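*Asks:* Using the sequences and the hints, build the whole thing.
Be aware that the sequence shown starts at -8, since it is given in this note's numbering, and climbs by one per residue.
Just so you know, the hints here were simulated from the structure itself, not pulled from any lab data. Be aware that a few hints might be false.
[As the list claims (entries may be wrong)] Straight line, CA to CA, 20 Å or less: simulated DMTMM-like cross-link-like pairs of lysine to aspartate or glutamate: (1) Lys(-6) x Asp149; (2) Lys(-6) x Glu87; (3) Lys(-6) x Asp91; (4) Lys(-6) x Asp111; (5) Lys(-6) x Asp92; (6) Lys(-6) x Asp133; (7) Lys(-6) x Asp80; (8) Lys(-6) x Asp90; (9) Lys(-6) x Glu137.
[Unchecked claim] What follows is a list of derived Cβ distance ranges for each label pair: (10) Asn131 x Asp92: 11 to 21 Å; (11) Gln139 x Thr7: 33 to 43 Å; (12) Ser119 x Pro6: 18 to 28 Å; (13) Asp92 x Gln118: 30 to 40 Å; (14) Ser67 x Leu8: 32 to 42 Å; (15) Gln10 x Ser140: 33 to 43 Å; (16) Ala33 x Leu8: 30 to 40 Å; (17) His23 x Glu137: 31 to 41 Å.
What you are looking at is a predicted structure, and each value in this text was computed from that prediction instead of being measured. Note that CB positions come from ideal geometry on N, CA and C, so glycine has one too.
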Amino acid sequence: MKKLTLIRHAEAANPTLSQSDFDRPLTAYGQHQAEEMGKLLAEQNFSFDQIFTSTAQRALSTAYRINNILLSNSPSPIEEAQLYNIGADQLYHFIETLDDDISHAVIVAHNPGLSYLLNDLLRTPIQSMSPCTTAQLTLNIDTWVEVQSGCGQLLNYDPIH
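*Replies:* Here it is as C-alpha coordinates:
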(Lines of atoms letter the chains of each structure in order from A and count residues from 1; the text may use other names and numbers.)
(Lines give C-alpha, C1' and ligand atoms only; values in the text may rest on other atoms or scores of the structure.)
Protein backbone atom coordinates (compact mmCIF):
# COMPACT_ATOMS: atom_id res chain seq x y z
CA MET A 1 0.00 0.00 0.00
CA LYS A 2 1.08 3.53 -0.78
CA LYS A 3 -0.40 6.76 0.56
CA LEU A 4 -0.92 9.90 -1.48
CA THR A 5 -2.07 13.26 -0.20
CA LEU A 6 -3.20 15.91 -2.66
CA ILE A 7 -3.29 19.52 -1.50
CA ARG A 8 -4.63 22.37 -3.59
CA HIS A 9 -2.81 25.61 -2.84
CA ALA A 10 -4.52 28.12 -0.55
CA GLU A 11 -6.38 31.22 -1.75
CA ALA A 12 -4.28 33.34 -4.10
CA ALA A 13 -4.50 37.00 -5.03
CA ASN A 14 -5.88 37.98 -8.41
CA PRO A 15 -3.06 38.84 -10.80
CA THR A 16 -2.19 42.47 -11.34
CA LEU A 17 -1.58 43.83 -14.83
CA SER A 18 2.18 43.47 -14.40
CA GLN A 19 2.06 40.08 -12.67
CA SER A 20 1.94 36.63 -14.19
CA ASP A 21 -0.33 33.87 -12.94
CA PHE A 22 2.79 32.01 -11.80
CA ASP A 23 3.79 34.83 -9.43
CA ARG A 24 0.46 35.28 -7.66
CA PRO A 25 0.99 35.27 -3.87
CA LEU A 26 -1.36 33.97 -1.22
CA THR A 27 -3.87 36.45 0.12
CA ALA A 28 -3.88 37.15 3.86
CA TYR A 29 -6.77 34.71 4.06
CA GLY A 30 -4.80 32.16 2.02
CA GLN A 31 -1.92 32.43 4.48
CA HIS A 32 -4.42 31.81 7.29
CA GLN A 33 -5.88 28.81 5.40
CA ALA A 34 -2.45 27.20 4.97
CA GLU A 35 -1.66 27.66 8.66
CA GLU A 36 -5.04 26.20 9.65
CA MET A 37 -4.45 23.22 7.36
CA GLY A 38 -1.06 22.66 8.99
CA LYS A 39 -2.72 22.71 12.42
CA LEU A 40 -5.46 20.32 11.30
CA LEU A 41 -2.94 17.88 9.87
CA ALA A 42 -0.86 18.12 13.06
CA GLU A 43 -3.96 17.25 15.10
CA GLN A 44 -4.40 14.18 12.87
CA ASN A 45 -0.77 13.14 13.59
CA PHE A 46 -0.16 13.44 9.86
CA SER A 47 3.18 12.02 8.75
CA PHE A 48 4.67 11.67 5.29
CA ASP A 49 7.92 10.89 3.53
CA GLN A 50 8.12 13.76 1.05
CA ILE A 51 6.24 16.85 -0.12
CA PHE A 52 6.46 17.77 -3.79
CA THR A 53 5.25 21.25 -4.70
CA SER A 54 4.62 23.30 -7.77
CA THR A 55 7.06 26.18 -8.11
CA ALA A 56 4.26 28.74 -8.47
CA GLN A 57 4.44 31.23 -5.60
CA ARG A 58 1.03 30.31 -4.15
CA ALA A 59 1.84 26.58 -4.06
CA LEU A 60 5.31 27.14 -2.57
CA SER A 61 3.87 29.33 0.18
CA THR A 62 1.18 26.76 0.96
CA ALA A 63 3.64 23.85 1.08
CA TYR A 64 6.20 25.61 3.26
CA ARG A 65 3.61 27.00 5.69
CA ILE A 66 2.08 23.55 6.19
CA ASN A 67 5.48 21.86 6.49
CA ASN A 68 6.70 24.43 9.04
CA ILE A 69 3.67 23.88 11.26
CA LEU A 70 3.99 20.09 11.10
CA LEU A 71 7.62 20.34 12.26
CA SER A 72 8.19 16.90 10.85
CA ASN A 73 11.52 15.17 10.51
CA SER A 74 10.80 14.92 6.80
CA PRO A 75 12.96 16.81 4.35
CA SER A 76 11.99 20.21 3.02
CA PRO A 77 9.50 20.25 0.15
CA ILE A 78 10.95 19.40 -3.24
CA GLU A 79 10.12 22.09 -5.77
CA GLU A 80 8.95 20.65 -9.09
CA ALA A 81 8.38 23.08 -11.97
CA GLN A 82 6.41 20.42 -13.86
CA LEU A 83 3.65 20.55 -11.20
CA TYR A 84 2.63 24.06 -12.26
CA ASN A 85 -0.79 23.79 -13.95
CA ILE A 86 -0.22 20.10 -14.58
CA GLY A 87 -3.03 17.95 -15.98
CA ALA A 88 -4.23 14.63 -14.58
CA ASP A 89 -2.39 12.56 -17.21
CA GLN A 90 0.88 14.31 -16.44
CA LEU A 91 0.21 13.89 -12.70
CA TYR A 92 -0.10 10.15 -13.23
CA HIS A 93 3.25 10.16 -15.02
CA PHE A 94 4.82 12.22 -12.21
CA ILE A 95 3.52 9.77 -9.58
CA GLU A 96 4.74 6.76 -11.57
CA THR A 97 8.29 8.13 -11.40
CA LEU A 98 8.38 8.51 -7.60
CA ASP A 99 11.01 6.52 -5.72
CA ASP A 100 9.49 3.39 -4.20
CA ASP A 101 11.26 4.16 -0.92
CA ILE A 102 8.58 6.83 -0.51
CA SER A 103 5.54 5.29 1.15
CA HIS A 104 3.55 8.51 1.59
CA ALA A 105 3.90 11.31 -0.95
CA VAL A 106 2.27 14.73 -0.70
CA ILE A 107 1.64 16.83 -3.82
CA VAL A 108 0.83 20.54 -3.55
CA ALA A 109 -0.44 21.81 -6.88
CA HIS A 110 -3.34 23.30 -8.82
CA ASN A 111 -6.78 22.71 -10.25
CA PRO A 112 -8.18 21.42 -12.45
CA GLY A 113 -5.47 18.73 -12.58
CA LEU A 114 -5.68 17.78 -8.89
CA SER A 115 -9.46 17.42 -8.92
CA TYR A 116 -9.42 15.37 -12.13
CA LEU A 117 -6.74 13.10 -10.68
CA LEU A 118 -8.61 12.67 -7.39
CA ASN A 119 -11.87 11.81 -9.14
CA ASP A 120 -10.10 9.32 -11.41
CA LEU A 121 -8.18 7.63 -8.60
CA LEU A 122 -11.42 7.17 -6.66
CA ARG A 123 -13.74 6.64 -9.64
CA THR A 124 -16.20 8.59 -7.52
CA PRO A 125 -17.18 12.12 -8.43
CA ILE A 126 -16.12 14.64 -5.82
CA GLN A 127 -16.68 18.32 -6.27
CA SER A 128 -13.77 20.37 -7.48
CA MET A 129 -11.16 20.84 -4.76
CA SER A 130 -11.53 24.36 -3.38
CA PRO A 131 -8.43 26.32 -2.34
CA CYS A 132 -6.58 24.71 0.58
CA THR A 133 -8.36 21.38 0.39
CA THR A 134 -6.51 18.22 1.36
CA ALA A 135 -7.43 14.75 0.11
CA GLN A 136 -5.65 11.85 1.82
CA LEU A 137 -5.79 8.51 0.00
CA THR A 138 -4.50 5.00 0.31
CA LEU A 139 -3.57 3.45 -3.01
CA ASN A 140 -3.94 -0.27 -3.57
CA ILE A 141 -0.45 -0.53 -5.09
CA ASP A 142 2.97 -1.72 -3.97
CA THR A 143 5.02 0.42 -6.35
CA TRP A 144 4.28 3.89 -7.70
CA VAL A 145 4.45 2.72 -11.31
CA GLU A 146 1.27 0.71 -10.64
CA VAL A 147 -0.86 3.82 -10.01
CA GLN A 148 -4.02 3.72 -12.11
CA SER A 149 -7.63 4.79 -12.26
CA GLY A 150 -9.69 3.37 -9.40
CA CYS A 151 -6.78 2.30 -7.19
CA GLY A 152 -7.50 4.89 -4.49
CA GLN A 153 -9.56 4.91 -1.33
CA LEU A 154 -10.34 8.22 0.36
CA LEU A 155 -9.23 8.47 4.00
CA ASN A 156 -9.85 12.17 4.66
CA TYR A 157 -11.16 15.10 2.65
CA ASP A 158 -10.60 18.38 4.45
CA PRO A 159 -11.39 21.78 2.93
CA ILE A 160 -10.40 24.88 4.89
CA HIS A 161 -13.00 27.62 4.40
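*Asks:* Between Ala33 and Leu8, does the beta-carbon spacing fit 30 to 40 Å?
*Replies:* holds (39 Å)
*Asks:* Does Asp91 lie within 20 Å of Lys(-6) when you go C-alpha to C-alpha?
*Replies:* Answer holds: Lys(-6) to Asp91 is near 11 Å, not above 20 Å.
*Asks:* Against the range 18 to 28 Å, how does the distance between the Cβ atoms of Ser119 and Pro6 compare: consistent or not?
*Replies:* For Pro6 against Ser119, whose Cβ atoms are near 20 Å apart, the range 18 to 28 Å holds.
*Asks:* Below or equal to 20 Å on CA atoms is what counts here, so check Lys(-6) against Glu137.
*Replies:* Holds, at roughly 13 Å.
*Asks:* Do Gln10 and Ser140 keep their Cβ atoms within the hinted range of 33 to 43 Å?
*Replies:* holds (37 Å)
*Asks:* Are the Cα positions of Lys(-6) and Asp111 separated by 20 Å at most?
*Replies:* holds (16 Å)
*Asks:* Given the hint that Lys(-6) pairs with Asp92, test it: the Cα-Cα distance must not exceed 20 Å.
*Replies:* holds (12 Å)
*Asks:* Would you say the C-beta atoms of His23 and Glu137 sit inside 31 to 41 Å of each other?
*Replies:* holds (38 Å)
*Asks:* Is the gap between the beta carbons of Asn131 and Asp92 within 11 to 21 Å?
*Replies:* holds (19 Å)
*Asks:* Check whether the Cα positions of Lys(-6) and Glu87 lie no farther apart than 20 Å.
*Replies:* Between Lys(-6) and Glu87 the Cα gap is close to 13 Å, so the pair holds against 20 Å.
*Asks:* 33 to 43 Å was suggested as the range; check whether the CB atoms of Gln139 and Thr7 agree with it.
*Replies:* holds (41 Å)
*Asks:* Would you say the C-beta atoms of Asp92 and Gln118 sit inside 30 to 40 Å of each other?
*Replies:* holds (34 Å)
Of the hints listed earlier, there is not a single one the structure fails to meet.
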